[in-house]
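Respectively, the protein sequence lines represent chains C and G.
The opening position of the first sequence corresponds to residue 929 in this note's numbering, with each subsequent residue numbered one higher.
The opening position of the second sequence corresponds to residue 929 in this note's numbering, with each subsequent residue numbered one higher.
No wet-lab data here; the hints were simulated from the structure.
Hints may contain errors.
Identical copies carry no separate label here, and so any pair may be met within one copy or between two of them.
[Stated by the list, open to error] When the alpha-carbon atoms are kept at most 20 Å apart in a straight line, the in silico SDA-like pairs for lysine to any residue are as follows:
| hint | residue 1 | residue 2 |
| --- | --- | --- |
| 1 | K1042 | A990 |
| 2 | K1081 | D939 |
| 3 | K1091 | I986 |
| 4 | K1042 | H949 |
| 5 | K1042 | T942 |
| 6 | K1081 | D1191 |
| 7 | K1042 | A941 |
| 8 | K1081 | A1210 |
| 9 | K1042 | M943 |
| 10 | K1071 | S950 |
| 11 | K1113 | L983 |
| 12 | K1042 | L947 |
| 13 | K1042 | G951 |
| 14 | K1042 | P948 |
| 15 | K1091 | T1227 |
| 16 | K1042 | T1053 |
| 17 | K1190 | S1078 |
There are 2 protein chains.
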Amino acid sequence: MKKGEFSFIGDIATMFASLPHSGFEPIGDDCTVFDMGDDALVISTDMLVEDVHFLRNISSAAEVGCKSLMVNISDVSAMGAKPVATLLSLSLPESAQGEWAEAFMREYYAQSEKYGIALVGGDTTASRDRITINVVAIGRAAKCNIKRRSAAKVGDLVCVTGKLGISSKGLVDNMFGDTHTAAAKAHRRAQARVTEGEWLGTRGEVHAMMDISDGIASDIKHIMEQSAVGATIELSAVPTDYDIRYAVTGGEDYELLLTVDKDSFDTLAHDLMAATGTPLTAIGHITEGSTLIWLDQGTPTELSFEGFTHF
Amino acid sequence: MKKGEFSFIGDIATMFASLPHSGFEPIGDDCTVFDMGDDALVISTDMLVEDVHFLRNISSAAEVGCKSLMVNISDVSAMGAKPVATLLSLSLPESAQGEWAEAFMREYYAQSEKYGIALVGGDTTASRDRITINVVAIGRAAKCNIKRRSAAKVGDLVCVTGKLGISSKGLVDNMFGDTHTAAAKAHRRAQARVTEGEWLGTRGEVHAMMDISDGIASDIKHIMEQSAVGATIELSAVPTDYDIRYAVTGGEDYELLLTVDKDSFDTLAHDLMAATGTPLTAIGHITEGSTLIWLDQGTPTELSFEGFTHF
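Let the hints inform the model, and build the full structure from the sequences given.
Pasting the structure below:
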């Protein structure tokens, strides 16, 4: 559970802190970690609600099926683990119990098959009018490969995979009815960095890692808080084909945000490209303290826009 | 995942059967089982939807919080495992984001504390108008203690814990506005057989086990199908304080339905009572074949009512 998701009803994490943990790590990362000795399971859950996270007249059933799986396995991949299984709960109004449900499941299956992910549980139920989807993703990794938000070190380079901003540009395109742009389609059909996440998990020079679900301006703060460090980010280094605001504060890119030992960056980026075809870009570095500094061509600048907030 | 819950969109279990299982057992029981060597995790998920599973003007937030946890850990207990952790996803309309959410969480915490169950993950999101709750329950057991629906043997006694029918009598009371009867309150505040389930898991003379969520008339068929056996049940032996129809076809009692080696029944019932204070009643026996026979005082009878069907 990410910290703050329950903030509207007080600090639930504190409330439950005194109960036995039974081998599960306390809250703070993309996933909970369950210790099995040499290996660990990582487990994450996310809920998608019609008219909050998707609109049925814009996103197809297949696109919702893809996204439901991807936003969840992205959390698993961001810990350096391999996604192995999901549980799927669906609450469906009558209007979605036939063709919609079939198209949803076909795509959910196709994406599961692509990565060899089992479906091991679930629930289906009626709903009065809107669709609600809950997915639980379970991953597995050697315990020493698991990457945490708390592992950033002063001097690390702050890096991102791929390019940022396409999903939030696409959200805007969809909102204005431009549903056929590349960005609009990318927004509706997220892809998690499954191969890259597991691969980066095996590399010791990768310290902290998480997925970019709310935009780097918001997500870097989780690493800063959990690692008790500051960060400096150079806006001109952020890889994007779109307006820098989309790239910095746009949510749902599902790229990876990681901190890397600075002497190992060149080798790591080269090896990641060779192994997966995905670029790794350094956009800043980890500092002492607790401040986030933005640079524009080396000059400190104020960021006049904040990270995307779900709900 | 229970078989049939996805029947409206075809046989999903078959669709996913060819994907790697990664240590998870195929679908068929209350929970999926994850093999860890000597021990196993069992994992189950259930979704509760406002105006389908509960009405906000009848069930209090605390009652919904209690029920959300109990229906899930009941599945874990029915496998003979100890519930150790849950993940909770909440989709809340504005009208439920303040006091309702706080009262819900206080009771969810109180029930978790009672059994020492950690909260290890979750998600919260907005909703346009109705509340949706998804809970994942995780249990742990020695692998040899896990009870499956497929383990019934010809000659076993069919047994139930406690008394049946109070929840469905309470559902009717609530529907007619009699919200203050003992049955009405029991319906709104389900209690899983947590202690009994784990205790029964340790006893080798217990063969098949599951929880009674849809009524024994419906649930016994899962054991029959998975174990490839028949059953004979004596209606006059079914323990209830209410109309036999409530006791046989009423859902949501969350008592345990189990099959027991017949020579061990007396000792088992005595020991269960001594350990937990809960009675165990034999109501029939397992037969060869695939037929379910109902007896009324020893005379075969037709059951003119069927098990409760959720959606």
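(Q) Reference check for the pair K1071 and S950, CA-CA at most 20 Å: within, between, both, or neither? (A) For K1071 and S950, the Cα distance is within 20 Å both inside one copy (17 Å) and across copies (17 Å).
**Q.** K1042 and A990: within-copy, between-copy, both or neither at 20 Å Cα
**A.** within (15 Å within a copy, 42 Å between copies)
**Q.** Intra/inter-copy verdict for K1042 and T942 if alpha-carbon distance must be at most 20 Å
**A.** Cα proximity of K1042 and T942: across copies only (17 Å, versus 39 Å in one copy).
Q. Which holds for K1113 with L983 at a C-alpha limit of 20 Å: within a copy, between copies, both or neither?
A. For K1113 and L983, only the intra-copy Cα distance (14 Å) is at most 20 Å; the inter-copy one is 39 Å.
Q: Since the copies are identical, ignore which copy is meant and state whether K1042 and P948 lie within 20 Å (CA to CA) inside a copy, between copies, both or neither.
A: between (37 Å within a copy, 11 Å between copies)
**Q.** Copy assignment of K1042 with L947, given that the CA separation must stay at most 20 Å
**A.** between (39 Å within a copy, 10 Å between copies)
Q.
Checking an output row: K1042 and G951, CA cutoff 20 Å. Within, between, both or neither?
A. between (31 Å within a copy, 18 Å between copies)
Q) Checking K1081 and D939: alpha-carbon separation at most 20 Å within a copy, between copies, both or neither? A) neither (27 Å within a copy, 49 Å between copies)
Q) From the Cα coordinates, with 20 Å as the cut-off, is the pair K1042 and A941 best called within, between, both, or neither? A) between (35 Å within a copy, 17 Å between copies)
**Q.** Alpha-carbon proximity context of K1091 and T1227, limit 20 Å
**A.** neither (23 Å within a copy, 74 Å between copies)
**Q.** Same-copy or cross-copy closeness of K1091 to I986 [CA-CA at most 20 Å]
**A.** neither (24 Å within a copy, 50 Å between copies)
Q: Check K1042 against T1053 for me: Cα-Cα at most 20 Å, and say if that holds within a copy, between copies, both or neither.
A: neither (27 Å within a copy, 29 Å between copies)
Of the numbered hints given earlier, the model fails hints 2, 3, 15, 16; all others are met.
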